[in-house]
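With chain A fixed as given, assemble chains B and C onto it according to the hints.
Protein chains in written order, with our numbering: chain A, 48 to 176; chain B, 1047 to 1483; chain C, 332 to 462.
Since the hints were made in silico from the structure, they are not lab data.
Treat each hint with caution, since some may be false.
What the hints assert, rightly or not - Lysine to aspartate or glutamate pairs mimicking EDC-like chemistry, simulated, CA-CA at most 16 Å apart:
(1) A/K125 with C/E410
(2) C/K350 with B/E1431
(3) A/K111 with C/E424
(4) A/K125 with A/E103
Residues per chain, in single letters:
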Amino acid sequence: MRYILLMSGTKPGVDSYRAWSKRDIDTHMAVLTGISRELKESGEFVATQGLAAPHEAQVVRGVKDGTPITDGVFPESKEFLLGYWIVDVASPERACEIAGRISAAPGPGERPTNMPIEVRQFANHGPQS
Amino acid sequence: MDVAAQSTNQPIGHLLRELTPQVLGIVARRFRDFAAAEDAVQEASIAAVMQWPREGVPENPRAWLTHVAFRKMTDHVRSESARRRRENEVAEEAARVPELAAFDVSPQQDDTLVLLFLCCHPALTPASAIALTLRAVGGLTTTEIAKAFLVPEATMAQRISRAKQTIKESGVPFQLPVDEHSGERLRRVLHVLYLIFNEGYTASSGANLQRADLSHEAIRLARIVYSRQPNHAEVAGLLALMLLTDARRRARTGANDELIPLAEQDRTLWDRGEIEEGVALLSTALPTGSIGPYQLQAAIAAVHDEAARAEDTDWPQILALYELLKRMSENPMVILNHAVAAAMVHGPRKGLELLDGLAGDSRIAEHHRLDAVRAHLLEMAGDSEAAARHYRAAASKTDNVPERDYLMMKAVRLRTAAANSEPAATDHVPPPTDPLD
Amino acid sequence: MKYILMMHGNQANWDEYGKWSKEDLERNVAFMRAFSKDLKDAGVFVDTKGLAWPQEAKTVRAGTSGEPVTDGVFPESKEFLAGYWIVDVEGAEQAYKIAARASAAPGLGGKPINMPIEVRRVLGSHSDLGL
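If we strip away everything but chain A, and leave its shape as in the complex, we get (with noise of 0.2 Å):
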């Protein structure tokens, strides 16, 4: 069973990371980097994107004369995606346990960061027998 594994944040939570130490940092991407690792040595891992600060990011309405228009300006609240995993497990529970150690990588203080990790299926073909 595929499942998508996303992890966002706003703009002002990733202003926070700035305050982070380097060695905090470090140890952060370290985790997940662990994650992906077993992943992939489990045979689960299908794929991981880490995206670019939302700082950069734009939203594309349509053209005019020939020209996209971009917009660079969001709401304080809103929620950018800072990454994803694709994953292939044999349950629910399991997509959900992954997802829970993704929310557990630690942030300063070795306290747990707690973001919320969204889990959504991708279709499956046909029963599950």
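Quick look at chains B and C alone, frame taken from chain A:
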């Protein structure tokens, strides 16, 4: 490891695919170590891919591969010989026979079957068993299997590696299961083959032919099992089911990759040869009296396949078969299909009543097929507005684009019909339900 | 450089889609098919996925006691990721052009939908984050 050169060496690739499972049988039987044998055969295969394009394919390619694999095995064994005296004897024996001709060993008749049983060992998850089976018995490369299952190659390599490790740790010997578990072991093999077939069949759009290839590989392996166990009714049943389903393949996909439901398929595109073979297999299996779910599903497929036109379909017989199948199978899809058959025989209201029983089943309550079937039955019953709503709900629940487009189109047509107070035009057509349509 | 082009949607967006005519739908489906094909022919296509409406979407948090906490309740207005394309292009400008094309896909009455497509650069490694 990636045999990257294979794409430019088609004949070598095909030859290796045919030979490596045979060599694996020979080596595993000789050294009694499946996991190490599989490693050795893979290394021999890589050596072949590197050397044969340059030096030409050897006169006896299987003996060549066997020789290289034996050498790898004895190296492996020697490095562990300090601990295990018995393998040391084998290594010495092997080391005493250097000539190539001595490696012209024939595979034993049972080898493929033994490998199949090993690869479908109950200790493995279905996903692992599928991967290992396709590799060790199917002879597919890791790259091919990864592409077929849409995972990265490294992931597939890991799955196979871990599967081999599990087999090793299980201590299962290289022989056919002879004990009281052999029935269960055979059921596992059939289940894995069924899953491989299903994977290939439900993804048979033009773009991904390697996935379609899986169905044919499953049929090939099922034939092997049948040839060794011709009196086992469920083995015949599974092979019949695969053939009767595969027979419809060409009619199933439209020019734009859209899925064409059974009732709307151009039956002239169905493969008559496969249908005849499937029906013949069933007629030998059914009378034995040991009815099972594969035979029943095959019998249902046969009833569909024998109808010259959709409107000639013998729905009462299908309904009777689903009633039997319901008693044997917990699968909610069976209940869904039973409801469709009931609707075709007793009218849509009867079918809708049966669907109500599924609303509480968590395995299917949110599945798009439940909405899709309900929608079609509502359409049959003339309730266009409710039907459109459920088609839309079904569309929202699937991310399979051709399927979503199909469901949205149905919704739109019905909404238009309802707005214009037209009767639903398709009330004699049953909904697409069976994933093996 | 890789960019991800994302379509988001909430319940109201999805309901709108349900109001299209048969011709609107056929036109949009044909457009999307041609769009993906063009990306492949141009050699910029990396990936695309459509996602179903999240009937069973969950949010999982680490929780405070070691057990992950799951929540399946979302506000009506919440925007969910509906699908994405990943393209490999020279720079942001090309990505915006591609996004603009997707955004202007025909909708109701064949008029360009001009749906918002969020464009983000995909990282090569976390050092790209520039934190």
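Structure-based check of each hint:
Straight-line distance between C-alpha atoms of A/K125 and C/E410 comes to about 10 Å, which keeps the hinted pair within the 16 Å bound. Of the supplied pair hints, the one linking C/K350 and B/E1431 holds, its CA atoms being roughly 13 Å apart against a limit of 16 Å. In summary, the hint linking A/K111 to C/E424 is supported, as the alpha carbons are separated by about 15 Å, within the 16 Å threshold. Between A/K125 and A/E103 the alpha-carbon distance is near 14 Å, which keeps this suggested pair within the 16 Å criterion.
Checked against the numbered hints above, the structure breaks none of them.
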